[in-house]
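Student: Protein sequence lines, in the order shown, are assigned to chains P and Y. So that you can map any letter, position 73 of the first sequence is 73 in our numbering, and since no number is skipped, the others follow by simple counting. So that you can map any letter, position 262 of the second sequence is 761 in our numbering, and since no number is skipped, the others follow by simple counting.
Be careful, since some hints might not be right.
Said to hold, decoys possible - Straight line, CA to CA, 20 Å or less: simulated SDA-like cross-link-like pairs of lysine to any residue: (1) Y:K929 with P:G495; (2) Y:K685 with P:R279; (3) P:K47 with P:M70; (4) P:K186 with Y:Q715; (5) P:K185 with Y:G710; (6) P:K185 with Y:V711; (7) P:K160 with Y:V711; (8) P:K486 with Y:G994; (9) P:K209 with P:D274; (10) Y:K684 with P:E286; (11) P:K186 with Y:R778; (12) Y:K685 with P:T214; (13) Y:K685 with P:W206; (14) Y:K985 with P:F493; (15) Y:K929 with P:E56; (16) P:K209 with Y:E686; (17) Y:K684 with P:R279; (18) Y:K684 with P:L276; (19) Y:K685 with P:L276; (20) P:K185 with Y:Q782; (21) Y:K685 with Y:V711; (22) Y:K679 with P:T214.
These are computed hints drawn from the structure, not numbers from a lab.
The primary structure of each chain is shown beneath.
Number of protein chains: 2
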Amino acid sequence: MNKTNNKPIAKAAIVGGGVIGAGWIARLLFNAIDVAVYDPDPEAERKIKAVLDNAERAYTQLTSAPRRAMGNLSLKNSLNDAIQGAQLIVESVPEQLDIKQAVYAEIEQSAPDDAIITSSTSGIMPSDLQAKMRAPQRLLVAHPFNPVYLLPMVELVGGKHTSDAAIEQTEAICQYLGMKPLRVKKEIDAFIADRLLESVWREALWLVKDGVATTQDIDDAIRFGFGLRWAQMGLFETYRIAGGEAGMSHFLAQFGPTLSWPWTHLMDVPELTDELVERISSQSDEQSGAYSIRELEGIRDINLVSIMQALQQNEWGAGLSLADYEQQLYTDASAGISEAEIDTSQAIETVRRRVPGEWTDYNGHMNESRYLQCYSDASDAMMRLIGVSSEYIANTGSYFTVETHIQNIDEVTAGENIYVHSQILALSGKKLHLMHCLYHEDGHLLSTGEHMLIHVSLKTRSASEPSAQVLATAQAIADQHAKLSKPKGAGRFVGQARS
Amino acid sequence: MNKTNNKPIAKAAIVGGGVIGAGWIARLLFNAIDVAVYDPDPEAERKIKAVLDNAERAYTQLTSAPRRAMGNLSLKNSLNDAIQGAQLIVESVPEQLDIKQAVYAEIEQSAPDDAIITSSTSGIMPSDLQAKMRAPQRLLVAHPFNPVYLLPMVELVGGKHTSDAAIEQTEAICQYLGMKPLRVKKEIDAFIADRLLESVWREALWLVKDGVATTQDIDDAIRFGFGLRWAQMGLFETYRIAGGEAGMSHFLAQFGPTLSWPWTHLMDVPELTDELVERISSQSDEQSGAYSIRELEGIRDINLVSIMQALQQNEWGAGLSLADYEQQLYTDASAGISEAEIDTSQAIETVRRRVPGEWTDYNGHMNESRYLQCYSDASDAMMRLIGVSSEYIANTGSYFTVETHIQNIDEVTAGENIYVHSQILALSGKKLHLMHCLYHEDGHLLSTGEHMLIHVSLKTRSASEPSAQVLATAQAIADQHAKLSKPKGAGRFVGQARS
Numbered sequence: 001m002n003k004t005n006n007k008p009i010a011k012a013a014i015v016g017g018g019v020i021g022a023g024w025i026a027r028l029l030f031n032a033i034d035v036a037v038y039d040p041d042p043e044a045e046r047k048i049k050a051v052l053d054n055a056e057r058a059y060t061q062l063t064s065a066p067r068r069a070m071g072n073l074s075l076k077n078s079l080n081d082a083i084q085g086a087q088l089i090v091e092s093v094p095e096q097l098d099i100k101q102a103v104y105a106e107i108e109q110s111a112p113d114d115a116i117i118t119s120s121t122s123g124i125m126p127s128d129l130q131a132k133m134r135a136p137q138r139l140l141v142a143h144p145f146n147p148v149y150l151l152p153m154v155e156l157v158g159g160k161h162t163s164d165a166a167i168e169q170t171e172a173i174c175q176y177l178g179m180k181p182l183r184v185k186k187e188i189d190a191f192i193a194d195r196l197l198e199s200v201w202r203e204a205l206w207l208v209k210d211g212v213a214t215t216q217d218i219d220d221a222i223r224f225g226f227g228l229r230w231a232q233m234g235l236f237e238t239y240r241i242a243g244g245e246a247g248m249s250h251f252l253a254q255f256g257p258t259l260s261w262p263w264t265h266l267m268d269v270p271e272l273t274d275e276l277v278e279r280i281s282s283q284s285d286e287q288s289g290a291y292s293i294r295e296l297e298g299i300r301d302i303n304l305v306s307i308m309q310a311l312q313q314n315e316w317g318a319g320l321s322l323a324d325y326e327q328q329l330y331t332d333a334s335a336g337i338s339e340a341e342i343d344t345s346q347a348i349e350t351v352r353r354r355v356p357g358e359w360t361d362y363n364g365h366m367n368e369s370r371y372l373q374c375y376s377d378a379s380d381a382m383m384r385l386i387g388v389s390s391e392y393i394a395n396t397g398s399y400f401t402v403e404t405h406i407q408n409i410d411e412v413t414a415g416e417n418i419y420v421h422s423q424i425l426a427l428s429g430k431k432l433h434l435m436h437c438l439y440h441e442d443g444h445l446l447s448t449g450e451h452m453l454i455h456v457s458l459k460t461r462s463a464s465e466p467s468a469q470v471l472a473t474a475q476a477i478a479d480q481h482a483k484l485s486k487p488k489g490a491g492r493f494v495g496q497a498r499s
Numbered sequence: 500m501n502k503t504n505n506k507p508i509a510k511a512a513i514v515g516g517g518v519i520g521a522g523w524i525a526r527l528l529f530n531a532i533d534v535a536v537y538d539p540d541p542e543a544e545r546k547i548k549a550v551l552d553n554a555e556r557a558y559t560q561l562t563s564a565p566r567r568a569m570g571n572l573s574l575k576n577s578l579n580d581a582i583q584g585a586q587l588i589v590e591s592v593p594e595q596l597d598i599k600q601a602v603y604a605e606i607e608q609s610a611p612d613d614a615i616i617t618s619s620t621s622g623i624m625p626s627d628l629q630a631k632m633r634a635p636q637r638l639l640v641a642h643p644f645n646p647v648y649l650l651p652m653v654e655l656v657g658g659k660h661t662s663d664a665a666i667e668q669t670e671a672i673c674q675y676l677g678m679k680p681l682r683v684k685k686e687i688d689a690f691i692a693d694r695l696l697e698s699v700w701r702e703a704l705w706l707v708k709d710g711v712a713t714t715q716d717i718d719d720a721i722r723f724g725f726g727l728r729w730a731q732m733g734l735f736e737t738y739r740i741a742g743g744e745a746g747m748s749h750f751l752a753q754f755g756p757t758l759s760w761p762w763t764h765l766m767d768v769p770e771l772t773d774e775l776v777e778r779i780s781s782q783s784d785e786q787s788g789a790y791s792i793r794e795l796e797g798i799r800d801i802n803l804v805s806i807m808q809a810l811q812q813n814e815w816g817a818g819l820s821l822a823d824y825e826q827q828l829y830t831d832a833s834a835g836i837s838e839a840e841i842d843t844s845q846a847i848e849t850v851r852r853r854v855p856g857e858w859t860d861y862n863g864h865m866n867e868s869r870y871l872q873c874y875s876d877a878s879d880a881m882m883r884l885i886g887v888s889s890e891y892i893a894n895t896g897s898y899f900t901v902e903t904h905i906q907n908i909d910e911v912t913a914g915e916n917i918y919v920h921s922q923i924l925a926l927s928g929k930k931l932h933l934m935h936c937l938y939h940e941d942g943h944l945l946s947t948g949e950h951m952l953i954h955v956s957l958k959t960r961s962a963s964e965p966s967a968q969v970l971a972t973a974q975a976i977a978d979q980h981a982k983l984s985k986p987k988g989a990g991r992f993v994g995q996a997r998s
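The shape of chain P in the complex, shown without the other chains (with noise of 0.2 Å):
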C-alpha cells in the first residue's frame, strides 16, 4: 500500500480566536495539524472550547472514515509567541484596517519570510491590506463562512503584489482541509459572495423596515424555496433549468425585462436607526428565542451534515467535497495499515461514530437498517485491512455479502456512541465468514452481525477467486481469531430457543 503523508503544514497560528477564527482552529486541529492562538480576549479560551466542541459533535456524524489525528491547540499570551514556527498565520481580527495592518506590521517582525499569512477579511481588499508590508508576496485573503469547520467554500484573493506560489500554496492546504478555494480573479470589496449577502441583505432590512415582512417571513421564504435550491445549484444554473427546454438565452429573454421593473429598493441604502435594530432583534427573538445561540449552533451543524450527505450520495456539489475529504482520509487510513497498528490477534474495532438523530425512527431508538449499515461499514473496514481497495476493486474483485443474522438485544438513542468489533469466524476460498459485535460506548452489547461474503469479479457480476495477496492476509487474521471463542448468537436461525 502506498504510505502518503501529504499533511501540507504542521503548524499555524491563529490570530483572532472569535467565531471565525475559532472556526478555523477547529478544522486545522482535526486535520492534524498543531495551532497556536493569539487572541487578547480573557473569554477567548471558553469560547474557542465551545466552538471546539461543536466542531467534535459535527466531525463524529461528517464521516464513517477514520479521523485523522488531532493536531495541539497552545494558546499564547502574545502574537510574537503564537507565530513561532508556523507555516501559516491567519489573521482574523475585527474589519478595520488600520487593526489588521498593525496585526501584519508586528508580525512581519519575527515571523520568517516564506510564512504565508492569510485574512479572513469579509470585504477589504488585499490590496489594501499589504500596502504597508515588507514582504507583501506572502499576503492573500482566504476568506471563509461560517461554520468553516463545515462549509467547504472559502474566496482566494490576491492584492497587486501577492505571488502565485502564494496562493497555489494556500489553495493546496484548503484542499487538504476539505475545503473548496475559489480563486477570485479581479480584486474588488467585498469579493464575490459577500457582495451577493450583501445586496440581499439590504433589500430584507428594507422589508423589515416597511413592514412587508418580518425576519421570520423572509427567512421561511428562502429556507422553504431557492434556499433549498441554491445548497446545490447556484444563480445561473438554477435559471438555466428554469427557461424551460429553451435554456439559458430564453431565461434571459423572459426575465430581462423586470431589470427595469421597481423590484428592489436597492438605489438607495437603509440606515440602521435604533428604533430598525429594536425592531430586528425583537422579531429574531421572537422567531428564534426558544432556542440558546449553542443550540441553533448545533442544528445549523447536524442540518449543513446531512445536507452534504445528501449530496455526496448524488455525487453533486459540497457532496463532492465531502467525499474528496473522506477518500484522503481512507489514503491515510490505508497507508497506516501497512504498519501494522492493528492488533489482529483480538477482534479488530472497525466502526466508532455517534449515533445520529436522522439514524432514529418512530420508536425513538436507532433503526433496524442502521443496524445492518454499521455492519455494512464494518464489513468495508476489514476489506481495507485485507487489502481489499479501491485499486484491487476496479481490477479484481469485490466481496457481496450473500447472507445476514442479525440479533437486536438493545435499543440505543441519538448521540449516544458506538464501536463495532469484527471477527472471522471461517475464511475458504471465495467465502468469507464474519461477525461483528455492536457495542455501546459503556461497553454493553447491543447487537450482532453475522455474515456470509462471496467474492466477486465486478466484471463478470459473479463468483471468483480472491488474489493470493488478499487471501493470505485475510488467512493469516483467520487464524489468529480462530483462536478465540465464538460470539453468542453465531449460527442461529430466526426463531431459535435461546439456549
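Given the coordinates of chain P, assemble chain Y onto it according to the supplied hints.
Tutor: Chain Y in isolation, oriented as in the chain P frame:
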C-alpha cells in the same frame, strides 16, 4: 380508524402550461385533484408530459408513504372548456398585466363566482391584476417556486379587494398539497422572495459584466457556501448565530457599518446588452452544457428530494413540510384500510418504490443496509395494517424487531423499481414472525428478510401484550397466510448448506 377525505377541491383549471403551470399540474394531479389545462402552444402537451415525467420520478423517491390516487388530466382547446367545474383556476401566463387582465375577463364570463383565481406572477401586485374584474374578491397571487411539485414555498398575496375567505381557502389547498404557504402582509412589487432574488440577480450580472466572476464562480460561491446555510436557516437566523454568543444585536453592531461601504453595485442597474447576454449564455454553456436541461432537472430534483429528506430526519425547515405531507398520506391510507381493499389471502404488497441513487455503494449496486431498510418499511406497513397507528404507539405499544435473517439473491441498481411481498409466518402473544420477499419489477426475487418482532410497551421499553383488537386483526391475516407455502430460506442460518 378515522376515515377522512380531506381533499379540499375536486377539480382545478390551469391556464398556461409552461414550467410553472406544468409544475402546478403535477402537484395537483399527484394529490388526487383532476386538472384541465388550456395552453394554445402546440407543443404544450409534450412539454407538460416532460414535467410530469420528472415529477413522477421525484415523487417515487420523495416518501415511502402510500401515494394518493392520480387525478385525471385533460387538455382543452379553449379557456372556457378548461374552467368548467373548476373550483380553483390557476393563471400562469406571461408576465404582462394586459395579457393577464384579458385572461381574467374571459374567465369571469363563465366561471362561477365562488371559484378561486390565483395568479402565479412573480411580481405584479394583485390589486393591479384584479383592477378590472367583476368579482375581484376571489383573486389573489399564489406565487410558487420552480420546481413547483417539490419546493414547499408559496407566497400568498391579496390585493385591495381580495377576501380573507379566498386567501384562507387557498392556504388550505396549499397545505393539502404539501406546500408551505406564506401570507405576505403588505402588497409590494415582487413580494418577498423575488425582491431578494432580484437584488442578487442584479449584483450577479454586474460581477459577470465587470469580469470579476464567471457564472460558474458565482454558482460555486453560493452552493459550496451560503446556499448550504440557506437550505435550512434563512438570512436572519444564520446571522443571529454568526454574532457568536451575543446574538443578533452584536451582529448588527458588528456588521452595520458595512452598509455604508461600497459593497454593492446596486445604486445602478446593468443593461442587458447583446454582449452581456452572449457572455452569460456562453459561460453558462461552459459550466452546465455537459448536461441537457432535462438531465439537469433530474439532478436538481433528486438533490432537492435528498435535502428535504435529510431535513425531515432532523425535524427542521422544509423537512417538516415533507413530514406533514407524509403524515397526511398515512392518514389517507389508514382511512382506506377500513374499506378492506387489501387482499389478505395472499402475501401483501407492503413496499413499492424506485431505488434512489444514494442507496447504491462503491460496488455499483444497492447497499445491503437498504435491503433491511425496505424490510423495515415493509414491517411498518404490516404494523399499520394490523392497527398499530401513531395513536396506538403513543398509548399502547409498538413492535420491535429482535432478530433478522436476510438472503441476498440478486443485485439491483439505481433507478430500478422494486416491491416487497409480506407474509405472517407465525403469531403467538407478543411474538410476530414475519417474512418479506423483495422483488424486481420484472418479478424476479432479489432477496428475502425473515424477522421476529416482539410487542413492546414504549413506557416500560419491555415486552407487553398487544391490544385484543390488534391481536385479532393480526390473527385473521395469520390464519389466511398459514395456508400459503413458506418462502424458500425461512428458518435458514448463515452458511447453511443449500438444499
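Student: Next step is simple, just say for each hint if it's right about the structure.
Tutor: Results for each hint:
Distance restraint check for K929 (chain Y) and G495 (chain P): the Cα-Cα separation of roughly 13 Å lies within the 20 Å cut-off, and the hinted pair is therefore satisfied. For the hint linking K685 (chain Y) to R279 (chain P), the alpha-carbon distance of about 17 Å falls within 20 Å, and the restraint holds. Using a Cα cut-off of 20 Å, the hinted pair K47 (chain P) and M70 (chain P) holds, with the two alpha carbons roughly 19 Å apart. With a C-alpha separation of about 15 Å, the suggested pair K186 (chain P) and Q715 (chain Y) falls inside the 20 Å cut-off, and the hint holds.
Taking the CA atoms of K185 (chain P) and G710 (chain Y), the gap is near 8 Å; set against the 20 Å cutoff, the hint holds. Taking the CA atoms of K185 (chain P) and V711 (chain Y), the gap is about 6 Å. The hint holds against a cut of 20 Å. Distance restraint check for K160 (chain P) and V711 (chain Y): the Cα-Cα separation of roughly 15 Å lies within the 20 Å cut-off, and the hinted pair is therefore satisfied. A threshold of 20 Å between alpha carbons decides the hint, and for K486 (chain P) with G994 (chain Y) the separation of about 15 Å falls inside it, so the pair holds.
Between K209 (chain P) and D274 (chain P) the alpha-carbon distance is near 12 Å, which keeps this suggested pair within the 20 Å criterion. Between K684 (chain Y) and E286 (chain P), the direct Cα distance comes to roughly 17 Å. Compliance with the 20 Å bound is thereby established for this hinted pair. With a C-alpha separation of about 17 Å, the suggested pair K186 (chain P) and R778 (chain Y) falls inside the 20 Å cut-off, and the hint holds. Distance restraint check for K685 (chain Y) and T214 (chain P): the Cα-Cα separation of roughly 11 Å lies within the 20 Å cut-off, and the hinted pair is therefore satisfied.
Annotation: proposed proximity of K685 (chain Y) to W206 (chain P) holds, straight-line Cα distance about 13 Å (limit 20 Å). The hinted pair formed by K985 (chain Y) and F493 (chain P) meets the criterion: a straight-line CA distance of about 15 Å does not exceed 20 Å. A C-alpha spacing of about 42 Å is found between K929 (chain Y) and E56 (chain P), which places the hinted pair above 20 Å, so the restraint is violated. Distance restraint check for K209 (chain P) and E686 (chain Y): the Cα-Cα separation of roughly 14 Å lies within the 20 Å cut-off, and the hinted pair is therefore satisfied.
Distance restraint check for K684 (chain Y) and R279 (chain P): the Cα-Cα separation of roughly 16 Å lies within the 20 Å cut-off, and the hinted pair is therefore satisfied. For the given pair, K684 (chain Y) sits about 18 Å from L276 (chain P) by alpha-carbon distance, which is consistent with the 20 Å threshold. Between the alpha carbons of K685 (chain Y) and L276 (chain P) the distance comes to roughly 18 Å, so the proposed pair stays at or under 20 Å and holds. Among the hinted pairs, K185 (chain P) with Q782 (chain Y) is consistent with the structure: their alpha-carbon atoms are about 15 Å apart, no more than 20 Å.
Taken as a hint, the K685 (chain Y) and V711 (chain Y) pair is broken in the structure, with Cα atoms around 37 Å apart against an allowance of 20 Å. For the proposed pair K679 (chain Y) and T214 (chain P), the alpha carbon gap of about 16 Å is at most 20 Å, so the pair holds.
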